[in-house]
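Visitor: Protein sequences appear in the order of chains C and F. Take 1 as the starting number for the first sequence in our numbering and just add one per residue. Take 115 as the starting number for the second sequence in our numbering and just add one per residue.
What the hints contain is simulated information worked out from the structure, not anything from laboratory work. Please read all numbers here as calculations on a predicted model, not as lab measurements. Be careful, since some hints might not be right.
[Stated by the list, open to error] Here are the computed lysine-lysine pairs in the DSS-like style, where the Cα-Cα straight-line distance is at most 30 Å: (1) C/K57 with F/K185; (2) C/K57 with F/K152; (3) F/K152 with F/K170; (4) F/K152 with F/K168; (5) F/K182 with C/K9; (6) C/K9 with F/K185; (7) F/K182 with C/K57; (8) F/K119 with F/K168; (9) C/K9 with F/K168; (10) F/K170 with C/K9.
[To be verified] To list a few chain C residues with every Cβ distance to chain F over 10 Å, as calculated: (11) L11; (12) R18; (13) G58; (14) F105; (15) P107.
[Said to hold, decoys possible] Examples of chain C residues toward chain F, derived with CB under 8 Å: (16) Y33; (17) G42; (18) F45; (19) Q48; (20) N51; (21) A56; (22) I60; (23) F64; (24) F69; (25) F90; (26) S94; (27) F96; (28) E102; (29) Q103; (30) G106; (31) G108.
Beta carbons: idealized from backbone N, C-alpha and C, even for Gly.
Okay, here's what each chain looks like letter by letter:
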Amino acid sequence: DSGVTQTPKHLITATGQRVTLRCSPRSGDLSVYWYQQSLDQGLQFLIQYYNGEERAKGNILERFSAQQFPDLHSELNLSSLELGDSALYFCASSRFSGTAYEQYFGPGTRLTVT
Amino acid sequence: DQQVKQNSPSLSVQEGRISILNCDYTNSMFDYFLWYKKYPAEGPTFLISISSIKDKNEDGRFTVFLNKSAKHLSLHIVPSQPGDSAVYFCAASDVSGGSNYKLTFGKGTLLTVNP
Chain C
1 DSGVTQTPKH LITATGQRVT LRCSPRSGDL SVYWYQQSLD QGLQFLIQYY
51 NGEERAKGNI LERFSAQQFP DLHSELNLSS LELGDSALYF CASSRFSGTA
101 YEQYFGPGTR LTVT
Chain F
115 DQQVKQNSPS LSVQEGRISI LNCDYTNSMF DYFLWYKKYP AEGPTFLISI
165 SSIKDKNEDG RFTVFLNKSA KHLSLHIVPS QPGDSAVYFC AASDVSGGSN
215 YKLTFGKGTL LTVNP
């Protein structure tokens, strides 16, 4: 158990809909990262938040947005969903100890768009 | 442009033997490298990491070697056990470049350890 929690575990929705994925980081971790893993693809970085502020963006579509709340949990919002958005979405957190930069991943949310 | 490459999609070894997983990178700004293991229906689990100031890091059965001049790293698992069967991802980060420590992942290598 990494200490990172994600809900829901599975999500099935239709094209054009909007969903929200939730992540709670490990206790003490200020940074939250979102990654997408599509079929036959490695994990693709989407976005990073640090202590409530957006820190970096990766290959995140304009239809997607995220935020990190004062209690440090984060939500990834996916709107106008398309079939190609079906993927595993992982959240990771890290605290950066000065010499270690490991990220710890949650179990993921499997999104299926039909 | 794939900056981290794992050219072997799969690897099969016998229990007790050595498993060697390879990874190449192209971005010379990467200075921190990690290996993750992933079982189906679970998130990636951190295994071992190495900073670019080192060329080897060992943790139990796992050893990571880094060859900066060749932009190549490898993960050695000795001895391999059936429970090691999983997908292994290589990842890299530019930690000295600022406070964004995003990871760039390879596509993974499926390791199968046969009893």
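Visitor: It remains to establish, for every hint, whether it holds in the given structure.
Guide: Against the structure, the hints:
About 25 Å separates the Cα atoms of C/K57 and F/K185, which keeps this hinted pair within 30 Å; it holds. Using a Cα cut-off of 30 Å, the hinted pair C/K57 and F/K152 holds, with the two alpha carbons roughly 24 Å apart. Taken as a hint, the F/K152 and F/K170 pair is honoured in the structure, with Cα atoms around 23 Å apart against an allowance of 30 Å. Proposed proximity of F/K152 and F/K168 is supported: the alpha carbons are some 25 Å apart, at most 30 Å.
The suggested pairing of F/K182 with C/K9 is violated, with an alpha-carbon distance near 39 Å, which exceeds 30 Å. A C-alpha spacing of about 37 Å is found between C/K9 and F/K185, which places the hinted pair above 30 Å, so the restraint is violated. With a C-alpha separation of about 27 Å, the suggested pairing of F/K182 with C/K57 holds against the 30 Å cut-off. This hinted pair checks out: F/K119 and F/K168 have alpha carbons roughly 21 Å apart, not beyond 30 Å.
Taking the CA atoms of C/K9 and F/K168, the gap is about 38 Å. The hint is violated against a cut of 30 Å. Taking the CA atoms of F/K170 and C/K9, the gap is about 37 Å. The hint is violated against a cut of 30 Å. Here C/L11 stays apart from chain F, with its beta-carbon at least about 14 Å from theirs, past the 10 Å limit. No beta-carbon of chain F is positioned within 10 Å of the beta-carbon of C/R18; the least distance is around 24 Å.
Non-interface call for C/G58 relative to chain F: violated, since the shortest CB-CB distance, roughly 6 Å, does not exceed 10 Å. With a cut of 10 Å on Cβ distances, C/F105 falls inside the contact zone with chain F, its closest approach being about 4 Å. Consistency note on C/P107: stated as away from chain F, yet its beta-carbon is not over 10 Å from all of that chain's, at 5 Å minimum. A hinted interface residue such as C/Y33 counts as satisfied when its beta carbon comes closer than 8 Å to some beta carbon of chain F; here the least separation is about 7 Å, so the hint holds.
With 8 Å as the threshold, the beta carbon of C/G42 comes within range of chain F, its nearest partner Cβ sitting at about 4 Å, so the hint holds. Because the closest C-beta pair between C/F45 and chain F is about 5 Å apart, less than 8 Å, the hint holds. Among the interface hints, the one on C/Q48 holds; its C-beta lies about 6 Å from the nearest C-beta in chain F, closer than the 8 Å criterion. Interface restraint check: C/N51 against chain F, minimum CB-CB distance 11 Å, threshold 8 Å, status violated.
A hinted interface residue such as C/A56 counts as satisfied when its beta carbon comes closer than 8 Å to some beta carbon of chain F; here the least separation is about 4 Å, so the hint holds. With its C-beta approaching chain F no nearer than about 11 Å, C/I60 sits outside the 8 Å limit, and its interface hint is violated. At its closest, the beta carbon of C/F64 sits 16 Å from a beta carbon of chain F; the interface hint therefore is violated under the 8 Å criterion. About 20 Å separates the beta-carbon of C/F69 from the nearest beta-carbon of chain F, more than 8 Å, and the hint is not met.
Because the beta carbon of C/F90 sits about 6 Å from the nearest beta carbon in chain F, less than 8 Å, this interface hint is met. Hint status for C/S94: holds, given a least beta-carbon distance of 7 Å to chain F, under 8 Å. For the restraint placing C/F96 at the interface with chain F, the shortest Cβ-Cβ distance is roughly 7 Å, inside the 8 Å limit, so the hint holds. For C/E102, the interface hint holds, the least distance from its beta-carbon to any beta-carbon of chain F being 5 Å, beneath 8 Å.
Residue-level restraint check for C/Q103 holds (minimum Cβ-Cβ distance to chain F is 6 Å; threshold 8 Å). Annotation: C/G106 was flagged as interfacial toward chain F, and the flag holds, the nearest CB pair being 5 Å apart, inside 8 Å. Among the interface hints, the one on C/G108 holds; its C-beta lies about 5 Å from the nearest C-beta in chain F, closer than the 8 Å criterion.
The structure does not agree with the numbered hints 5, 6, 9, 10, 13, 14, 15, 20, 22, 23, 24 stated previously, though it agrees with the rest.
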